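Chain by chain, the residues:
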Amino acid sequence: MPKIKNRDTLISIALVMPSIVAVGIFVYGFILWSLRVSLSQWKGLLPDYTWVGLKNYFELFADPRFHIDIRNTVIFTVVFVGGSLVLGLFMAILLDQNLPGESFFRNIFLFPMAISFIVTGVVWRWLMNPATGSRISGFNQLFHSLGLDFLINRWHTTPTWGIAAIALAAIWQMSGYTMAMYLGGLRGISDDLREAARVDGASEWQIYRHIIFPLISPITLSAMIILGHISLKVFDLIVAIAGKQLPLDVPAIYMWQVTFDGYFFGKGAAISILLLLVVSVLVIPYIYYNLKNEADV
Amino acid sequence: MYAKKFSFTLVSVLLLAAFVLAACGPAAVTEVPAATAAPAATEVPAATEAPAATEAPVVAPSKVEVFSWWTGGGEAAGLDAMIKVFQAQYPDIEFSNAAVAGGAGTNARAVLATRLQAGDPPDSWQGHAGQELIGTYVAANQLQPLNDLYKAEGWLAVMPETLIPLISQNGNIYSVPVNIHRANVMWYNPELLADNNITVPTTIDEWFTAMDTLKAAGVTPLAMGEQWTAMHLFETVMLGTLGAEKYNGLWDGSVAWDGPEAKQGIENYKKALTYVNSDASSLTWQDAAQLVVNGDAAFNVMGDWAEGYFRELGKTPNTDYGWAPVPGTVGVFQFLSDSFVLPVGAPNADGATAWLKVAGSKAGQEAFNPVKGSICARTDCDPALFGVYLQSAMADWSSNVVVGSLTHGVVANDSWKTDINTALGLFLADQNVETFQAALVTACKASGPCK
Numbered sequence: 072m073p074k075i076k077n078r079d080t081l082i083s084i085a086l087v088m089p090s091i092v093a094v095g096i097f098v099y100g101f102i103l104w105s106l107r108v109s110l111s112q113w114k115g116l117l118p119d120y121t122w123v124g125l126k127n128y129f130e131l132f133a134d135p136r137f138h139i140d141i142r143n144t145v146i147f148t149v150v151f152v153g154g155s156l157v158l159g160l161f162m163a164i165l166l167d168q169n170l171p172g173e174s175f176f177r178n179i180f181l182f183p184m185a186i187s188f189i190v191t192g193v194v195w196r197w198l199m200n201p202a203t204g205s206r207i208s209g210f211n212q213l214f215h216s217l218g219l220d221f222l223i224n225r226w227h228t229t230p231t232w233g234i235a236a237i238a239l240a241a242i243w244q245m246s247g248y249t250m251a252m253y254l255g256g257l258r259g260i261s262d263d264l265r266e267a268a269r270v271d272g273a274s275e276w277q278i279y280r281h282i283i284f285p286l287i288s289p290i291t292l293s294a295m296i297i298l299g300h301i302s303l304k305v306f307d308l309i310v311a312i313a314g315k316q317l318p319l320d321v322p323a324i325y326m327w328q329v330t331f332d333g334y335f336f337g338k339g340a341a342i343s344i345l346l347l348l349v350v351s352v353l354v355i356p357y358i359y360y361n362l363k364n365e366a367d368v
Numbered sequence: 005m006y007a008k009k010f011s012f013t014l015v016s017v018l019l020l021a022a023f024v025l026a027a028c029g030p031a032a033v034t035e036v037p038a039a040t041a042a043p044a045a046t047e048v049p050a051a052t053e054a055p056a057a058t059e060a061p062v063v064a065p066s067k068v069e070v071f072s073w074w075t076g077g078g079e080a081a082g083l084d085a086m087i088k089v090f091q092a093q094y095p096d097i098e099f100s101n102a103a104v105a106g107g108a109g110t111n112a113r114a115v116l117a118t119r120l121q122a123g124d125p126p127d128s129w130q131g132h133a134g135q136e137l138i139g140t141y142v143a144a145n146q147l148q149p150l151n152d153l154y155k156a157e158g159w160l161a162v163m164p165e166t167l168i169p170l171i172s173q174n175g176n177i178y179s180v181p182v183n184i185h186r187a188n189v190m191w192y193n194p195e196l197l198a199d200n201n202i203t204v205p206t207t208i209d210e211w212f213t214a215m216d217t218l219k220a221a222g223v224t225p226l227a228m229g230e231q232w233t234a235m236h237l238f239e240t241v242m243l244g245t246l247g248a249e250k251y252n253g254l255w256d257g258s259v260a261w262d263g264p265e266a267k268q269g270i271e272n273y274k275k276a277l278t279y280v281n282s283d284a285s286s287l288t289w290q291d292a293a294q295l296v297v298n299g300d301a302a303f304n305v306m307g308d309w310a311e312g313y314f315r316e317l318g319k320t321p322n323t324d325y326g327w328a329p330v331p332g333t334v335g336v337f338q339f340l341s342d343s344f345v346l347p348v349g350a351p352n353a354d355g356a357t358a359w360l361k362v363a364g365s366k367a368g369q370e371a372f373n374p375v376k377g378s379i380c381a382r383t384d385c386d387p388a389l390f391g392v393y394l395q396s397a398m399a400d401w402s403s404n405v406v407v408g409s410l411t412h413g414v415v416a417n418d419s420w421k422t423d424i425n426t427a428l429g430l431f432l433a434d435q436n437v438e439t440f441q442a443a444l445v446t447a448c449k450a451s452g453p454c455k
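Protein chains in written order, with my numbering: chain X, 72 to 368; chain U, 5 to 455.
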């Protein structure tokens, strides 16, 4: 056992070494560097590592723009994650009914995921055009021609809740992916369980409520983590739909503007470290949980 | 299981450290032979034969990379025209157009900042003359003075005197302006004004009265686009309210942002916003300007690059669109200028200088400006090359009081402008004048001249 296994271990270490080095430098090295910059007063093109402690962070917590960012991130995350989960589960249950044409619809639902957020953004920018009157277009025009004028709205230009319109585009893109995850879970549930329940006289709703949903709850957790970290980092979709404007501001856009437009590198680094911390709160327990499960197996 | 995983991680981290250190070593070593090789190579041809020496330098610096944000409309067409002049004069140098798209150059500047920090400057880049260049790049010692080039090319005699101090610091000139744009232009739809019996307003009050009439008639009075065009409107309304002298005072710290004059300007701006199309934040400047020529809105405040765009749409001056200084700014020319620079450490400094010579030349500027829709920074350009609008701008440029634009980098450095942009964004959402003034005071103290 010992000798051959040691050689295998060495070879595997050698094989993963390049990626470990690359990740070590380009991910963890730069995270540490960003942390250092966030504690400095660097402003302007040239680096200035003068230590200012947590000043940049305190300024952010007092910054009304950052408050808007937090509000927008919360609204976006709730609408996007909630919407994707509900829609994804619904589509997965539909596809799980073993109807003809299943693989066709499965692919259709999954396709949006293959598109980049920028492309989605450009398309939805047009669909959600808030213009009315003679310049009406997109969804508003559709509503108008269907006689559903009460549905015509300002989409992402709605005060306060505009960010939820952006989340609609994100749901369109990611619900197919959520569906694929759920479908995998549903297919993993043995038919025996359903049949046993039916024999015991359970209704279809009771089967889903008491058997299927509990069994796929780990998938809900995985999906929430994956969708959640996407929504915390959202940037490209918003910029593609609405540009960099304050009502739809999120931390990533603020970080971009203070860093690259205003050269406040210390403040920009502070925003990115805060983003990292929030994402970590979500992701680290999940990784820990997965590692623990693997170790147990 | 856990202990094993941990020790594996530890080993990898140590190995990683070793790799990093090892990687630093050879890189430093390889640079040395490169440095020594160069002088050796030049010595050899000198000793043996001359033709080899003249051939060698021609092959090496054959490409000049010029960075700009001219990617669409009249801007890109103007750049192409100037590139043609360059290629005719310097057929040996390959021109590499490194343009980055994005409103008013915000994306391009971000890419540029990253490249400069990485020590990888383009050979030359576009920058707005004024504090944008001085406050950012000159302050960081990224630019070479061009005084010798100005003397050799005789540009001091042909460029406006008022322009030189704005592109200089401590007597050193840092950029070659290609063009002059006017920011305080109000575009209007002549037909809509005639239909509603409105004469072109010259004061802010006349403007508001006219827009009340239009609003009552069901016409969108004022077209505006996304947030930076709101800042453009802001600076012109401030200028229209305060006048040239006090407007300049806002930027040198002698007029307070929380004072009564600034307050009046912001109140006027707030009122102007009530006439704006409801979908403003979803429109680009082109979309907003197009509303006027399409008859969907009566007025639009935008720099005179809009004129190049109107021409591209096939519209006729004075028929499809008219122009006037923004009300309250008659006799004032709020300018901005695109200019090109010579960075410290340009990979091909000779190529960059060749580009700057074309950019400052009569031929280069006469090729660029009529197409882009701007006037020459030189005063000796032929007016016959320009359209009706630009001829009127040339006349105003030589006779008006000149002030600088905020949105386009003349009066405030980038950090100050970013803070103003945030304050303005909050104001657009909450419309609170006092909060806006307080934020503007903070911004001026943090990055401007205010104490």
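Since the hints were made in silico from the structure, they are not lab data.
For clarity, every value in this text was computed on a predicted model and none was experimentally measured.
By construction, the Cβ of each residue, glycine as well, lies at the ideal position given by its N, Cα and C atoms.
Be aware that a few hints might be false.
Claimed, not checked - Ranges between beta-carbon positions, derived for each pair:
(1) T231(X) / L160(U): 48 to 56 Å
(2) D216(U) / S208(X): 43 to 51 Å
(3) L160(U) / S90(X): 56 to 64 Å
(4) T231(X) / P95(U): 55 to 63 Å
(5) K455(U) / I223(X): 32 to 40 Å
Claimed, not checked - Each computed SDA-like pair below joins lysine to any residue, with the alpha-carbon atoms no more than 20 Å apart:
(6) K114(X) / V142(U)
(7) K449(U) / D167(X)
(8) K449(U) / D134(X)
(9) K449(U) / T203(X)
(10) K363(X) / N145(U)
(11) K304(X) / A81(U)
(12) K219(U) / A133(X)
(13) K114(X) / K219(U)
(14) K219(U) / F137(X)
(15) K126(X) / L347(X)
(16) K219(U) / D271(X)
(17) K114(X) / A81(U)
(18) K449(U) / R206(X)
(19) K366(U) / A81(U)
(20) K114(X) / Q121(U)
(21) K449(U) / R136(X)
(22) K114(X) / N145(U)
(23) K114(X) / C454(U)
Inset, instruction - Starting from the range 43 to 51 Å, see whether the pair D216(U) and S208(X) falls in it by beta-carbon distance. - result: For D216(U) and S208(X) the Cβ distance comes to about 29 Å; the hint is violated.
Legend entry - Distance restraint between K366(U) and A81(U), which requires alpha-carbon spacing of 20 Å or less: With Cα atoms ~18 Å apart, K366(U) and A81(U) stay inside 20 Å; holds.
Legend entry - Proposed proximity, D271(X) with K219(U) (alpha carbon, max 20 Å): 71 Å, violated
Inset, instruction - Mind checking the alpha carbons of K449(U) and R206(X) for me, to see if they're no more than 20 Å apart? - result: Given pair K449(U), R206(X) is violated - Cα atoms ~44 Å apart, limit 20 Å.
Legend entry - Outcome of range test on Cβ distance (T231(X), L160(U); 48 to 56 Å): Holds, since T231(X) and L160(U) (Cβ atoms, about 55 Å apart) stay within the stated range.
Legend entry - 20 Å Cα cutoff - pair K449(U), D167(X): With a Cα-Cα distance of about 63 Å, the restraint between K449(U) and D167(X) is violated, given a limit of 20 Å.
Inset, instruction - With respect to the beta-carbon atoms only, verify the hint that L160(U) and S90(X) lie 56 to 64 Å apart. - result: Once the Cβ atoms are compared, 58 Å apart, the range 56 to 64 Å for S90(X) and L160(U) holds.
Inset, instruction - With a cut-off of 20 Å on the C-alpha distance, tell me whether K126(X) and L347(X) pass. - result: 18 Å, holds
Legend entry - Pair hint outcome, K114(X) versus A81(U) [Cα-Cα no greater than 20 Å]: With Cα atoms ~36 Å apart, K114(X) and A81(U) exceed 20 Å; violated.
Legend entry - Restraint status (C-alpha distance of K114(X) to N145(U) at most 20 Å): Holds, because 15 Å separates the two Cα atoms, which is no more than 20 Å.
Inset, instruction - Could you grab the alpha-carbon distance between K304(X) and A81(U) and see if it respects the 20 Å cut-off? - result: Measuring from Cα to Cα gives roughly 37 Å; hence the hint is violated.
Inset, instruction - Would you mind confirming whether the straight-line C-alpha gap from K449(U) to D134(X) stays at or under 20 Å? - result: 16 Å, holds
Hint compliance for this structure: hints 2, 5, 7, 9, 10, 11, 12, 13, 14, 16, 17 and 18 are not met, and every other hint is.
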